[in-house]
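Read top to bottom, the protein sequences are chains A and B.
Under full-length UniProt numbering, the letters of the first sequence match residues 1 to 341, in that order.
Under full-length UniProt numbering, the letters of the second sequence match residues 1 to 341, in that order.
The set of hints was computed from the structure by calculation and includes no laboratory data.
Computed from a predicted structure; not experimentally measured.
Note: identical chains are not told apart, hence a pair may lie in one copy or across any two.
Using 20 Å as the maximum straight-line C-alpha spacing, the simulated EDC-like pairs for lysine to aspartate or glutamate come out as follows: (1) 150 to 40; (2) 280 to 266; (3) 62 to 331; (4) 252 to 284; (5) 150 to 138; (6) 273 to 246.
Protein chains: 2
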Amino acid sequence: MTAAASDNVQSLRRSGPPSLDPMMALVADGMNQVNAVILDRMQSRIPLIPELAGHLIAGGGKRMRPMLTLACSELLGYAGTRHYKLAAAVEFIHTATLLHDDVVDGSGLRRGRKTANIIWGNSASVLVGDFLFSRSFELMVEAESLKVLKILSGASAIIAEGEVNQLSAQRRIDTSEEQYLDIIGAKTAALFAAACRISAVVAERDETQETALDTYGRYLGIAFQLVDDALDYESDGATMGKDAGDDFRDGKVTLPVILAYARGSDEDRAFWKAAIAGHKISDDDLARATGLLRRTGAISDTLARARHYGQRAIDAIAIFPQGRARDALTEAVEFAIARAY
Amino acid sequence: MTAAASDNVQSLRRSGPPSLDPMMALVADGMNQVNAVILDRMQSRIPLIPELAGHLIAGGGKRMRPMLTLACSELLGYAGTRHYKLAAAVEFIHTATLLHDDVVDGSGLRRGRKTANIIWGNSASVLVGDFLFSRSFELMVEAESLKVLKILSGASAIIAEGEVNQLSAQRRIDTSEEQYLDIIGAKTAALFAAACRISAVVAERDETQETALDTYGRYLGIAFQLVDDALDYESDGATMGKDAGDDFRDGKVTLPVILAYARGSDEDRAFWKAAIAGHKISDDDLARATGLLRRTGAISDTLARARHYGQRAIDAIAIFPQGRARDALTEAVEFAIARAY
Numbered sequence: 001m002t003a004a005a006s007d008n009v010q011s012l013r014r015s016g017p018p019s020l021d022p023m024m025a026l027v028a029d030g031m032n033q034v035n036a037v038i039l040d041r042m043q044s045r046i047p048l049i050p051e052l053a054g055h056l057i058a059g060g061g062k063r064m065r066p067m068l069t070l071a072c073s074e075l076l077g078y079a080g081t082r083h084y085k086l087a088a089a090v091e092f093i094h095t096a097t098l099l100h101d102d103v104v105d106g107s108g109l110r111r112g113r114k115t116a117n118i119i120w121g122n123s124a125s126v127l128v129g130d131f132l133f134s135r136s137f138e139l140m141v142e143a144e145s146l147k148v149l150k151i152l153s154g155a156s157a158i159i160a161e162g163e164v165n166q167l168s169a170q171r172r173i174d175t176s177e178e179q180y181l182d183i184i185g186a187k188t189a190a191l192f193a194a195a196c197r198i199s200a201v202v203a204e205r206d207e208t209q210e211t212a213l214d215t216y217g218r219y220l221g222i223a224f225q226l227v228d229d230a231l232d233y234e235s236d237g238a239t240m241g242k243d244a245g246d247d248f249r250d251g252k253v254t255l256p257v258i259l260a261y262a263r264g265s266d267e268d269r270a271f272w273k274a275a276i277a278g279h280k281i282s283d284d285d286l287a288r289a290t291g292l293l294r295r296t297g298a299i300s301d302t303l304a305r306a307r308h309y310g311q312r313a314i315d316a317i318a319i320f321p322q323g324r325a326r327d328a329l330t331e332a333v334e335f336a337i338a339r340a341y
Numbered sequence: 001m002t003a004a005a006s007d008n009v010q011s012l013r014r015s016g017p018p019s020l021d022p023m024m025a026l027v028a029d030g031m032n033q034v035n036a037v038i039l040d041r042m043q044s045r046i047p048l049i050p051e052l053a054g055h056l057i058a059g060g061g062k063r064m065r066p067m068l069t070l071a072c073s074e075l076l077g078y079a080g081t082r083h084y085k086l087a088a089a090v091e092f093i094h095t096a097t098l099l100h101d102d103v104v105d106g107s108g109l110r111r112g113r114k115t116a117n118i119i120w121g122n123s124a125s126v127l128v129g130d131f132l133f134s135r136s137f138e139l140m141v142e143a144e145s146l147k148v149l150k151i152l153s154g155a156s157a158i159i160a161e162g163e164v165n166q167l168s169a170q171r172r173i174d175t176s177e178e179q180y181l182d183i184i185g186a187k188t189a190a191l192f193a194a195a196c197r198i199s200a201v202v203a204e205r206d207e208t209q210e211t212a213l214d215t216y217g218r219y220l221g222i223a224f225q226l227v228d229d230a231l232d233y234e235s236d237g238a239t240m241g242k243d244a245g246d247d248f249r250d251g252k253v254t255l256p257v258i259l260a261y262a263r264g265s266d267e268d269r270a271f272w273k274a275a276i277a278g279h280k281i282s283d284d285d286l287a288r289a290t291g292l293l294r295r296t297g298a299i300s301d302t303l304a305r306a307r308h309y310g311q312r313a314i315d316a317i318a319i320f321p322q323g324r325a326r327d328a329l330t331e332a333v334e335f336a337i338a339r340a341y
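Given only the sequences and the hints, what does the whole structure look like? Please build it.
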């Protein structure tokens, strides 16, 4: 308890902005194990598979989801090793999703690098995604937990449903805030939730603790996504690893747009309609959009929503003992929010 | 035994060409259960999912793979119900693969109907494929067999590997017969093998019986694919449900082409090289290709290879008692071969 208490004091004494460093330090040893599994299991006798998968897997992602599985396991005091393969499986599901996402969105840039679909083509991205998805289930089978398999196959179905839902909502300016939260709840938050929840299954904790970790992950995921949505209008390519205004030029309806449209004048709404329909893609158009978003408070209120969900994530883990792990998970939420400032 | 013996006599007395009718009759009741699971589990609150999935699932496929799971279960005298969900899971994996295949190949026609990617676009096909793939794992989890999950997640990874391998071999005239058999072994035969093998797992039979059924399914799958390859140069769209010469115009290296290239003159080889590179796509070119394939015996020898694998499939199930189920499985092989005549 002494170490945990002093860590906590240190966290309160934190001078710089919140960061993921405490979580990374907490799970550093475990992540070495997870990374070894990831590297080992993305191999194949077909050279294109590790080549393409490695581009994305080695491409500077934070590996937030497996880190969360490990950090939540620390929170529960789990001392075994079964979660390493499961954390790798979660990362494989995420990677498969990204590969397919970039094909669906026709993206050319991710984390500041060319996307796999640009380098190797859409077909290779689809098929290597399928391979990683299958591999993730092989890893889960090896971990021999039907309950984890149920959670992650369910999350995968929800993610795919969310993606199809987003595709259907594409370029629909009448998407409501509720519908949008529903979409990102499925697309982004479901896997965050599952990544956290499975640690409680492996550690054989009760339903209350499972649900608490699920809730933490879910709201952290939503907060992350909402901040990303705001940043897309505020940052440059160097910060986000993608071009600023990408969402705008792609006609994506995100929460900032939903709020600005609802609050706008008739003229503003006509502008947003045309933008989402794909008729406003110049730098001047983007500047006008950013102006409208600021004037209507759409950006700051998107961030307020993110803070709301972030707080709920932090409160969800209040049932667990204070200490280094809870502090790290709390600071991860603060980091998600603070990126916007 | 009397009923089985008389069925066997009837099969020997068969007057018409071999057909799938005996297998369909054998599993008719079970297939109603499987179809109910398929229809129920392809539903989603996102309307595009059942709409798109239904187009392919209701689109006149024979449902060979779930039929094989059921027919093999009959062969083993399995009287339970656990295989219905698993057979549906196999069909979902197959459907997901077809959706992604059509995107990868840019196909416009399957089973005589427009493909989903033509109607709803590539993105929707990729995502609904992902959904069905996830659902298949949900179904397997419900059946609560880690061993079946291992077999089918392994088969899925092998299928994806085979698809990537095929993509890498695309338009490579120097693909060897061994490499090609390796590709179709993964792309087509692995799921046939798994569909048959899992019946032995559910019926709790020993490794010998599991392997026998795996072998039957694998060689049946290879025979099916080789006959398809031959038919692509011999049939019209009405028979195959796709356009004759599709493989040729797509520059696909299949066994008939591999044999004709190996056996051809320098002039013939130059023609095949140009064809596979995509420079020969006219009707005259197709006619020349068909002529070369016939002259070199490439078509008839592709069919001889198919008969070889078909015979090995039939021999693999010789360890099981004679009767209606074994006759139906045997005739399914004969049907696969006889389509070419």
